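Using the sequences provided together with the hints, build the complete structure.
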Amino acid sequence: MNEKVDLTLTVNGQRHAIRVEPRKTLVDAIRDDCGQTGTHAGCEHGVCGACTILLDGEPVRSCLMFAIQCEGRDIRTVEGLANGNELHPLQQSFIDHHALQCGFCTPGFLMLAAGVLRKRPDIGDEELIDLLSSNLCRCTGYANIIKAVKAVRDGLAQA
Amino acid sequence: MAERGIIGKSLPRLEDPPLVTGRGRFAADINFPHQLHMRIVRSAMAHARIVSIDAEAARALPGVVAVWTAADIPDASPVDFREGPNEKLAPYRQHVLAREAVRYVGDPVAAVFAESAYVAEDAADLVAVEYEELPVVLAADAPPGEFSPGRSTEATLVRQDYGDIDAAFAAAHLVVELDLSVGRHTGVPMETRGAIGRYDAARDVLELHGAAKVPHKNRDSLGRMLGRDVTGIHLYESHVGGGFGVRGELYPEDILVLMAAMRLGRPVKWIEDRREHLMATNHSRQQRHRIRAAVDAEGRLLAIDNEFFHDQGAYIRTHGTRVADSTCGLLPGPYRLPVYRARGHFRLTNKTPAATYRSPSRYETNFVRERVMDEIGRRLGLSPVDVRRRNFLAKEEMPFARPLAALGENVVYDSGDYALLLDKALAAFRWDEVQADMARRRAAGEMVGAALAVFVEKSGLGPTDGARVIVDTTGAVEVVTGGASVGQGFETVVAQVCAETLGVDYDRIRVTHGRTDRIEYGLGAHASRATVMTANATAAAAARVRAKALDVAAEMMQAPIEALDIVAGRVVRTDIESGPSVALGEIARNLAPSAKLRNGREPGLSSDGWFDTEHQTYPYGVQMAVVKVDPETGGVAVERMLVGYDIGRAINPMLVHGQIAGGFAQGLGGALYEEFRYSETGDPLSVTFADYLIPTASEVPEVEILLTEDAPSPCNPLGIKGAGESGIAAVGAVIASAVDEAIGIPGAITELPITPQRLKRILAGIRRPLAAE
Numbered sequence: 105m106n107e108k109v110d111l112t113l114t115v116n117g118q119r120h121a122i123r124v125e126p127r128k129t130l131v132d133a134i135r136d137d138c139g140q141t142g143t144h145a146g147c148e149h150g151v152c153g154a155c156t157i158l159l160d161g162e163p164v165r166s167c168l169m170f171a172i173q174c175e176g177r178d179i180r181t182v183e184g185l186a187n188g189n190e191l192h193p194l195q196q197s198f199i200d201h202h203a204l205q206c207g208f209c210t211p212g213f214l215m216l217a218a219g220v221l222r223k224r225p226d227i228g229d230e231e232l233i234d235l236l237s238s239n240l241c242r243c244t245g246y247a248n249i250i251k252a253v254k255a256v257r258d259g260l261a262q263a
Numbered sequence: 002m003a004e005r006g007i008i009g010k011s012l013p014r015l016e017d018p019p020l021v022t023g024r025g026r027f028a029a030d031i032n033f034p035h036q037l038h039m040r041i042v043r044s045a046m047a048h049a050r051i052v053s054i055d056a057e058a059a060r061a062l063p064g065v066v067a068v069w070t071a072a073d074i075p076d077a078s079p080v081d082f083r084e085g086p087n088e089k090l091a092p093y094r095q096h097v098l099a100r101e102a103v104r105y106v107g108d109p110v111a112a113v114f115a116e117s118a119y120v121a122e123d124a125a126d127l128v129a130v131e132y133e134e135l136p137v138v139l140a141a142d143a144p145p146g147e148f149s150p151g152r153s154t155e156a157t158l159v160r161q162d163y164g165d166i167d168a169a170f171a172a173a174h175l176v177v178e179l180d181l182s183v184g185r186h187t188g189v190p191m192e193t194r195g196a197i198g199r200y201d202a203a204r205d206v207l208e209l210h211g212a213a214k215v216p217h218k219n220r221d222s223l224g225r226m227l228g229r230d231v232t233g234i235h236l237y238e239s240h241v242g243g244g245f246g247v248r249g250e251l252y253p254e255d256i257l258v259l260m261a262a263m264r265l266g267r268p269v270k271w272i273e274d275r276r277e278h279l280m281a282t283n284h285s286r287q288q289r290h291r292i293r294a295a296v297d298a299e300g301r302l303l304a305i306d307n308e309f310f311h312d313q314g315a316y317i318r319t320h321g322t323r324v325a326d327s328t329c330g331l332l333p334g335p336y337r338l339p340v341y342r343a344r345g346h347f348r349l350t351n352k353t354p355a356a357t358y359r360s361p362s363r364y365e366t367n368f369v370r371e372r373v374m375d376e377i378g379r380r381l382g383l384s385p386v387d388v389r390r391r392n393f394l395a396k397e398e399m400p401f402a403r404p405l406a407a408l409g410e411n412v413v414y415d416s417g418d419y420a421l422l423l424d425k426a427l428a429a430f431r432w433d434e435v436q437a438d439m440a441r442r443r444a445a446g447e448m449v450g451a452a453l454a455v456f457v458e459k460s461g462l463g464p465t466d467g468a469r470v471i472v473d474t475t476g477a478v479e480v481v482t483g484g485a486s487v488g489q490g491f492e493t494v495v496a497q498v499c500a501e502t503l504g505v506d507y508d509r510i511r512v513t514h515g516r517t518d519r520i521e522y523g524l525g526a527h528a529s530r531a532t533v534m535t536a537n538a539t540a541a542a543a544a545r546v547r548a549k550a551l552d553v554a555a556e557m558m559q560a561p562i563e564a565l566d567i568v569a570g571r572v573v574r575t576d577i578e579s580g581p582s583v584a585l586g587e588i589a590r591n592l593a594p595s596a597k598l599r600n601g602r603e604p605g606l607s608s609d610g611w612f613d614t615e616h617q618t619y620p621y622g623v624q625m626a627v628v629k630v631d632p633e634t635g636g637v638a639v640e641r642m643l644v645g646y647d648i649g650r651a652i653n654p655m656l657v658h659g660q661i662a663g664g665f666a667q668g669l670g671g672a673l674y675e676e677f678r679y680s681e682t683g684d685p686l687s688v689t690f691a692d693y694l695i696p697t698a699s700e701v702p703e704v705e706i707l708l709t710e711d712a713p714s715p716c717n718p719l720g721i722k723g724a725g726e727s728g729i730a731a732v733g734a735v736i737a738s739a740v741d742e743a744i745g746i747p748g749a750i751t752e753l754p755i756t757p758q759r760l761k762r763i764l765a766g767i768r769r770p771l772a773a774e
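Chains as they are written, first to last, in my numbering: chain A, 105 to 263; chain B, 2 to 774.
No lab work stands behind these hints, which were simulated from the structure alone. Please note that a few of the clues may not be correct.
[As the list claims (entries may be wrong)] Straight-line alpha carbon distances no greater than 30 Å define the calculated DSSO-like cross-link-like pairs of lysine-lysine that follow:
id	chain 1	residue 1	chain 2	residue 2
1	B	Lys629	B	Lys761
2	A	Lys254	B	Lys761
3	B	Lys629	A	Lys108
4	B	Lys761	A	Lys251
5	A	Lys254	A	Lys223
[Claimed, not checked] Partial list, derived from the structure: chain A residues whose beta carbon lies under 7 Å from chain B:
id	residue
6	Cys147
7	Val182
8	Cys206
9	Gly207
10	Phe208
11	Arg242
12	Cys243
13	Gly259
Here the structure is a predicted model, which is why all the values come from computation and not from measurement. Glycine included, each C-beta is placed from N, C-alpha and C at the ideal position.
Right, here's the structure in full:
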C-alpha cells in the first residue's frame, strides 16, 4: 500500500510528473507534490469545500479523491483562474464585494462558483444559494459571497 | 492638514489580491528543507490514569525519527498563563504531554516525529496506551469532584459585588428568578491550527511560524517556559485563516514543535486536522446561570444576583479565569443597576479546555440579562422596548464608572446614548409595523415572532501599543506594527490611517504585523483592540514622520512650513497654484545618515509612535430579529436580522459591515446549531462537520446594518471603537426572545442552542395540556 507509484497530474495545463503513495489524496498531491498551495484542506472529510477544484470542468472535493485517480484528467485550481495579471471576473467580484476576510475558504468558493457558472450561466438565485451552501465560510456570513457570484452571473447574462 | 477623506471610506482591501489568486501563505503552506512532521497521540479516555505507553512499534516504523512521551521531556513546563504566574491556579495547567493522568478525550499523550505526515500518522496509530479508567465529571453544575488528591475541581470562586444585596431583595416589588444555560461551542476557524518550529543554531534563534493573535505576548510566555532569552525567540505570523479568539493562543503543540526543533535539530511542522481541532482547540461559552433580579413597581432594576457555573473543561489554559471574571464584570450591560452580586463557580470538567471565543462572556451574559429583561417586562406588563428604556443609563451619565472590573481594568463606559440608538434601530426595523405583521401572521396560524436585545461591547484593550512608520528613498511607506491580523482587514485599516495622516496613497503602504523580529513590542489582535490601539499608534507615528518631512522640505523648498502640505506622497505649496514639489523619497534621501542636508536631524524619514490608554472603549448596539418556527421539524428560520451599532467612528465602513455580518453568522450558529456534545462517559460526539453544524449560505440571512457614529470615544484621538464582536454579541439573546414570541410561550427558551430536538420538546410540552382538554 505504501509503495510509491509514478504518475503525471495536469494542473492548470502544466504537467507534473510525481511519485506518490496510492493513498495520497489529491489535495495533498496538488499542494505537496505539485507545489500549488492555493487549494486548502479545511476538514479532510468532504464537508467544508475549501479544497474544491475543477476536475474535467466539474467542481469536486480534492480531499475525497486520491491523486492516482486523476492521471490524465484536467485539474484546475485557483492558481489557474486568472489570465496572467488579469483577474478572473469572479476574483475581481470577490474583491469588489468584500466577499472574503481571512481568505482561507476563498479558493474553494471561487472554484465552486466557476464550475457552476460555466455550466449554468443563467442559474436562478435560489438554486445558486443552494449550491453555494455546499461550502463553509466562517468570516463573511455569506451575503457578500452570494452577491459577488450573482454579479458575475448577471454580467455573463448581459454579455 | 488637509481633509483627505481616506478615513471613513470603504476602500478595497490591500489584503485581497494574493488571497483570491491562491498566493496566500497559511501555516500549512510554510515548509522548510529537511523538516519533520509531528503527529499527536491523543487520549481516547475522558479521565484515566496512564498505566503504560508502548511506543516500540511506532519507533520501529521506517521514517519515524522519534516518539516522545512525558517521560522524554521531564523538563517541559506546563502551558503558562499569558498574564504571568498565578500560584493558586498553577496546578490546573496543562502539561504539553499528559503525565500520570489524562483528563479529556484529545489530551496529548505522545508525539511522533517522522519524515512525512502520512508516516507520522501511521506511527501514532501504533502507540499503545494502557489506561485505568477514573470517574468523570462532565457538568460544572454537578457537585465538584477531585482534580488531583486534595484538590477540588472547583478551582476558584470568582466574585464581584457592590451594595447590600439582601436589603435590595427585601425591598423589591418583584423578584424574577431564572435558570439559564449557554451551550458549549467555539470559534472553529476554517484554517485549523498549525505550528512550525525551527531552530537556527547559527544565530541561536528559535523560530515559531504559524503564529497569530498575540505573537509578542506569546514570545514572553515561551521565554519563561523554555528558559530562553526572548531575544533568541521569534514568532512569525503569516496569513491566518480566522482567529475568533481560539487561534494564536499557546497550546501544547506549539511548545512541542519548538522543543523538538531544538532537540532533533530539524524543523518540525505540525498541522492540526479537523477532528483534532474539534477536540483540542479551545472550546468556549458553556455556563449555567441561576440569576435573580429585584425590581421596583415600575420595572426598574434594584439588584441582580448572578450565580453561575463555568464549565472550564479539563485544564486552565492561557487565559486563566478571564471569561468568568468578565462574566461578573460585564453582565449589567446598558442598564442602571444599584446593587449587584456575582458568584462564579469556576469548575474543571473532563472535556476539552475552554477559553475565549469572539465576544467572550458577553454572548453568554447578553443572553442571560436580556432574558431577565424580557421576563421583567412580561411580569409587569411592559413592552420589551419600555422595560429597557426605563433602565438605560442616560447619555448624561457618561462617562459611567461601575464598581466592577473586566480584563484587568475598572469598568468605565466612555460614551454612549443607548436610548438614541434604540430609537433609530426601531425606526430602521419598522418595529411597530413588524409587530402588527407578526400578529396578523400568528392569527393566520404561522409561528412567527420578532424581538430585540440591547448590548454593550468593549474594545480597544490597552494599555499601550506602538507603530513605526518608515518612508524609503523611493517614497514607499512601511508601517511596522505590533498588531496582528486574523483576516479582518487590519492592513487596510492601518494603511488608511497612515495615508490620511501622512498624505500618501493608501495602496503605496505596506503594513507589517505579527513579527517579533521587526518590532519589540506589541499587543496583537484580540478583544477588538487592533484597530483602536494600532490605528492610533500609527496616526501618532505618521504625524511625526509628516512633521519631519515638512521640516526638511521647508529647507529644500525655501518655504515656510505653514505653506506646505503633503499630497499623494509629494510635498507641495498650498499658497501658490503651481510650483515646485518634492517627493517624500527625495526627502528620505536627504535624511540618509551621510546626507549633507540632514543638518544634525535624526537619520531616516521614519518615526515611532505610541498610543497609551487607561481604559477600554465601550461601543454598544441593538439587535432585532424576525424568526419563523416550523412546528413539524422544530427548525427556526431567521427571516430578518438587524444590527444597530454605534462605533464612534468607522475607518472603513465596508470592513465594519463585514465584521458585523460575519459575527452574526457565528452567533446564529451558537444560537441554533453549534454544540459540542458528550456521551455519559465523556466521549466527544461532535468531532466532524457532520456533527458540529456551522451555518451555511442557506441558513444565514443578509443582515441589515445600521451603523451610527453618535458617540465617538473620548479615549482616543481618532474617536474609534472596535467592531469585531458587535455582530455576534447578542444573537443568542435576540433569537431566544424571538422564538419565545413565535411559539407564544414567554420565557420558554432557557438554553442555547435552540436545536430542533429541544424546540420540539418545548412544543410537545404545550401540546400535552391541549390534548388533555
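query = Does Cys206(A) meet its interface restraint, that is, does its C-beta lie within less than 7 Å of any C-beta in chain B?
reply = holds, 3 Å
| message | Given the hinted pair Lys629(B) and Lys761(B), is their Cα-Cα distance within 30 Å? | response | holds, 14 Å
Item checked: chain B contact restraint for Cys243(A) - C-beta distance below 7 Å -> Since the shortest Cβ distance to chain B is 5 Å, the answer is holds.
Hinted contact Arg242(A) with chain B - closest CB pair below 7 Å | holds, 5 Å
Next on the checklist: Less than 7 Å between beta-carbons is the criterion; does Gly207(A) satisfy it with respect to chain B?
Outcome noted: holds, 3 Å
**Q.** Phe208(A) as an interface hint toward chain B, with CB separation required under 7 Å
**A.** Given a least distance of 3 Å, the restraint on Phe208(A) holds.
*Has the given pair, Lys761(B) with Lys251(A), been kept, meaning a C-alpha gap of at most 30 Å?*
Measuring from Cα to Cα gives roughly 34 Å; hence the hint is violated.
Notebook entry, point to check: Are Lys629(B) and Lys108(A) close enough, with their CA atoms no more than 30 Å apart?
Noted result: violated, 55 Å
Item checked: Status of the Cys147(A) interface restraint (C-beta, 7 Å, chain B) -> With Cβ-Cβ at 4 Å, under 7 Å, it holds.
Restraint: Gly259(A) near chain B, CB-CB cut 7 Å. Satisfied or not? violated, 17 Å
| said: For the restraint on Val182(A), tell me whether the closest CB of chain B is nearer than 7 Å. | reply: This interface hint holds because 4 Å falls under the 7 Å limit.
Exercise for the section: Starting from Lys254(A), check that the Cα of Lys223(A) is at most 30 Å away, please. Expected result: OK: Lys254(A) and Lys223(A) at ~15 Å, within 30 Å.
When each numbered hint is compared with the structure, violations occur for hints 2, 3, 4, 13.
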